[in-house]
Amino acid sequence: VILKPKKLVPTISIVVILFIGFWYNSKSTTFSDKDLYEILTYYEIEDELLYAIF
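Using my numbering, read the sequence shown as starting at 1 and increasing by one per residue.
Hints listed in this document are in silico derivations from the structure and should not be mistaken for laboratory results. Just so it is clear, CB atoms sit at the ideal spot from N, CA and C, and this is done for glycine as well. Accuracy of the hints is not assured; some may be wrong.
Stated by the list, open to error - Simulated restraints on C-beta separations:
#1 L36 <-> K4: 25 to 33 Å
#2 S32 <-> K4: 44 to 52 Å
#3 K6 <-> Y37: 39 to 47 Å
#4 V16 <-> I39: 20 to 28 Å
Produce the entire structure from the sequences given, and follow the hints as far as they go.
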């Protein structure tokens, strides 16, 4: 069965998303508060939110 390009792109993107999800879950999932703080400050989350979390 030959897929048309219009059907091929969503299929490939779904496979890539699933692969990234599995790869990310297989990594170490231990986050310290410091790591979480650095991630949130990197994305410039509002200071009020950071104070509420910590």
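Okay, the hints, checked on the actual structure:
no., hint, in the structure
1, L36 <-> K4: 25 to 33 Å, "violated, 44 Å"
2, S32 <-> K4: 44 to 52 Å, "holds, 48 Å"
3, K6 <-> Y37: 39 to 47 Å, "holds, 44 Å"
4, V16 <-> I39: 20 to 28 Å, "holds, 23 Å"
This entry does not satisfy hint 1, going by the numbered hints stated previously; all others are met.
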